[in-house]
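The task is simple: from the sequences and hints, build the whole structure.
The chain contents come next:
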Amino acid sequence: MENSLILVIVILPLIGAALNGTVAATNAFRKKEIWGEKFAGILAFGTVATSFIISLYVVFVKMSGLESIACTPYEWLSVGGLQINLTFIIDHLSAVMLLTVTGVSSVIHLYSIGYIHGDESSVRYFSYLNLFVFAMLLLILGDSMPVMFIGWEGVGLCSYLLIGFWYKDEEKAMAGKKAFIVNRIGDFGFLLGMFLIFANVGSLTISNVNEFFYHHNSMTFFWTNVAGICLFIGATGKSAQIPLYVWLPDAMAGPTPVSALIHAATMVTAGVYMVARFHGLFLVAPVAMNVVLWVGALTALFSASIALVQNDIKKVLAYSTVSQLGFMFMAAGAGAFVIAVFHLMTHAFFKACLFLGSGSVIHAMGGEQDIRYMGGLKKYMPATYITFLLATLAIAGFPPFAGFFSKDEILWNVFASAHGSKIVWVIGALAALFTAFYMFRLVYLTFFGNFRGTREQEHHLHESPKTMTVPLMILGGLSVIGGWIGIPKLLSLGIFPNLFHDFLEPALSKYGHAHIGHYSHATEYGLMAFSVAIALAGWFFARKKFSDPKIKLEDPRNYTGFVKLLWNKYFIDEIYIKFIIEPLKSLSTNIFLNISDKKIIDGAANGSAAGWRKVATIFSYFQSGNMQAYGFYMVFGVAIAFILALFIF
Amino acid sequence: MFTISVVIVLFFLGIITFIFRRTLLHMLMGVELMLNAVNLNLIYFSRLHQNLEGQILSLMIFVVAACEVAVGIAIIVRLFKRTGTLGVETYTEERG
Amino acid sequence: MGILSWTLLIPVLGAVLMALLPSRDSYTEKSSASVYGWIAFAVSTIAMLVSLFLIAGFDSSIVEYQFQETVEWIPQFGLNYHVGIDGISILLILLTTIMMPFVVLSSFKYIEKRKKEYYIWLLSLEFTMIGAFIALNLFIFYIFWELMLIPMFFLIGIWGGPRRIYATVKFVLFTVVGSLMMLAGIVYLAILARQTFGEFTFEFEQLMKLNIPVQSQLWLFAAFALAFAIKVPMFPFHTWLPDAHVEAPTAGSVILAGVLLKMGGYGFIRLGIPLFGDAAIKAAPLMQLLAVIGIIYGACLALAQSDLKKLVAYSSISHLGYVMLGLFALTPEAIQGAILQMVNHGVSTGALFVLVGIIYERRHTREIADFGGLAYQLPVYSVVFMVITLSSVALPGTNGFVGEFLILLGSFKAAWAHFIATQAVFRLVLMVFATSGVILGAYYMLWMVQRVFFGPLENEKNKNLKDLSFREGMVLLPFVIFVFWIGIYPKPFLSKMEKSVEYYVEQHQPDFLKQPVIEMEQHEVMEESEADHTPTEH
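Protein chains in written order, with our numbering: chain A, 1 to 649; chain B, 1 to 96; chain C, 1 to 538.
None of these hints come from the bench; they were simulated from the model.
Built from N, CA and C at the ideal position, the CB exists for glycine as well.
Worth double-checking, as some hints may not be accurate.
Beta-carbon label-pair distances, calculated as ranges [said to hold, decoys possible]:
#1 C:Pro285 <-> A:Phe221: 27 to 37 Å
#2 A:Gly81 <-> C:Pro285: 14 to 24 Å
#3 B:Ile4 <-> C:Met208: 48 to 58 Å
#4 C:Ala369 <-> A:Ile591: 21 to 31 Å
#5 A:Thr26 <-> C:Thr70: 47 to 57 Å
#6 B:Arg47 <-> A:Phe642: 19 to 29 Å
#7 C:Leu286 <-> A:Asn594: 19 to 29 Å
#8 A:Pro488 <-> C:Pro285: 55 to 65 Å
#9 A:Lys466 <-> C:Glu458: 35 to 45 Å
Dropping the structure here:
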């Protein structure tokens, strides 16, 4: 088989998952260990890290100069006009994702070894984590929509399993279930889009689909956009956009490394990746593009505003993730797919760092997640503090940290692109301001001031072990330098090449790209400066409000007005429960089960049976049980028949 | 004509026995009587038409009747052992 | 006598053999696994092994019936023992024979009274099911179709739960109502055949050549469809199913879900559509509508259940809705998906019933509320349950996905072709609802899993539960293997039926579906000619 190394990349995590999974089940069954968390962790980390190294080799050595390389282990199915090969393809787009995912995954696996230490089902944890990487690789490398969908749902499954990892806590299990079902709603859109495309294209291979839409789109304008929007519904589910973002904040019930890996760095960006993958389709579907742009922008602002007042450290980060994903969709909607993927990558670095940092904090605090009871942690855990701060600077958009380049470019593209819009740019800028504010609020309340927790907690405060701080440092470092591969030409005055752009642009501009309006360099510089000003403003407000060491935080129950609305997340969950879940349940129980099934259908069946029984009672008088009476009836009947035969007929 | 009359008389005797006698054993005998009347009828007509089929059929009926009587008697004996009576009014389980 | 007849006869020979054995109680009291159980296991295993020769000798490149055997029975009336298999039936036969030994194995502990009788009925049931799948003579088919009721009647009626009499009578009455309609239709067909060919015939292939006026086709189709729809069961003829499932012993439920319900779908594909092609195409929108109602209705009702077994039963209705949807789409993708989905449903729902049976044997309750937090106490059981659940919610990588995906894809293709031809959106709307079934499916299954396995282990009675025994593991192992095998590498299964289904579709496809195929070919030509044409600006 050609390029079988690709297969090795994919299969290694699966092997790890299978081994650890079998051992986890056997351990639990026998209540004794074949191998414990140490070996499981090393195995899991080893497989993913090996995958990463092979990926590096494949991308930089084997693929150099080539547009893409592919590997087909076997034909998955071939039915009628549909033929699906299990093909893995690495092109420039999937190469970026591949390196990001395997790289960040390796780091987080390493971190997990320290984090999950002492948990009774740590072997199971590593098996899930490996399985996730496997599914994610299927998603990224799948060459056709169904293979992508296998990974797409596979990561959903792993997310479900990992959110509900501590299943004994009912709430956590519920959060997992919610994630899966909300994702299913998105998948429903994805499936419909896939069917619509298949009915028209006759193939589900991604390159064929893009080719079809760009070169000879036989679908009407309306249906092309419907196809785009259907796919985007899938993306809203996986990437937690309005209206399906509700699962992501709840997903924080899972272990923190999981939040970092799945719910910040990799899985949730799958939607963005998918939109970028189908850029050929989206570029000819302007309405769908506009939907992507607006949903992204609104999500960015909406969830950033919720993050302003949350007190749970992970919840803040979760809403921040939703908001950042919104930024990515803004970029995609503006036609700047390269920038969307660029932000996806930098976001993976700094958000993973933030989550891992928060995990380190929670670890030190003995499970406490409420920032009202933290404070002054920087002197206890300097490594965590510094990396967290670096990542915060990155996400807030301070130059020259990674986030600055990507976020600035997003705003610029939204401002200037033919697909963009000035109003969306304003929304984006506002969201960026919020981002800087809530992130620095988090930093001040967590690491500065006096400690507000209990004595016991204070006594236990400590820096996390090496396995946890090393990943933090790696990711913190990447948060700083990660953006340097994508410095816009304008800023570096053409001295450095924009490596990222040059690498990705050919793959993503095959089918044309969004038209950038003509603006003077001064405008671009001005907007850049404005971005920095926004970040500074956010920091300034946060400092003013939260840097007081003896700060007293208000009880959320006393919130009023808009803050109360924000604290309650606009009551979206309640609305969904009240207007969708409850009616569905009551429809099922009260109408379908009790009325339609029991009364109408069974009623009709039992009723007709009862009717016949009534008729039968009349005849049953003759059925006396006396045999001689029967004999008499018979003779009587025969006699009548005789008489009829002889005299009448 | 005489034979036909005998057949008719026999058959009606069978019917009357079946309908009016109160014991299972008698009822069975009534049934047998009817059956034999039919047999006689077959033989008579076979002779009348100079055709052997009727006789063959009646021979077959003998065999079947023998089996049937064996089974019938066996059932009756079992019933008697179980309830101690052969009165037909006892066996009304088939009442609708 | 060929392999096919042996496959058919071995179970019934075994049943007769068992009937001749003495039925002393000493056999039953000593151990939980009685001699009879082992005999039945051996017999069904032999049948399974013999049936493996079928698949080994099956040539999937030809469309004719294979392993055909004909024995004249009453030639004057065209009643011949004529059997054979093609790509459509082979998987279903193997499903039956492979499932049977494990079904027997699963009932060793559950059945406590009248063991000999029980296994005799189980084997007879296998005989009748195989018979119905291989019959190529309508009358023989009908005989097996009706015979099937008898073992099931006793299985539910004797070894069932507290309301078994109600359930079994309901089951038989519902089914018989449909079958009698079918019988009337068969008689009509036979008479028509005599008028056409000059003699009675019940051979499938002969009957398909009949030229039936459309008006009578509609009536005949209605008669046959009623019989099949009740068996499937389609909405609104489904209410017998939950009762029958809940009352039936585990093995009964497994067979009922695993094989018996497939009879309906098989009937449609083997008889309903081919015999009355025009009527079937006319009725297709209605059948698809009922199928989609079934999908959503079954899912909603599953959501409302508090009894595990009832939940699984209603989920069956939902799953079989997909099968019906696919069959009446009449595209190769959808029909192959539907047949595969029949097998999948047998595997995953069958396994679910086994699993529910296992927990019922331990706790003597099936109320979801009595459980909670079992994942910790029963790790292996939970893993298996989870795997089967995921297959039931059609997670990619498991068998359920392949079937559902193909069905939905193929049906959508048909709906789209219909839309292009007529601009009517009805079928597209139907497809949207059908696809939404994947959401509801995930909802009710995962909610159930959550309530049974997750959360704290609070109920005292659940704290001493034992995990799977070796025997139970062996029962479940093949199910799990098939879940992954079909999910990860479905090709061997699909390729078995590919040719048969393609041939089938060619003959029975409605006109509007034939057009886009041509269009697409033209389109590809266009693609090639335009390949070197580079777009300038976009």
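Violated hints, by number in ascending order, as checked against the structure:
none
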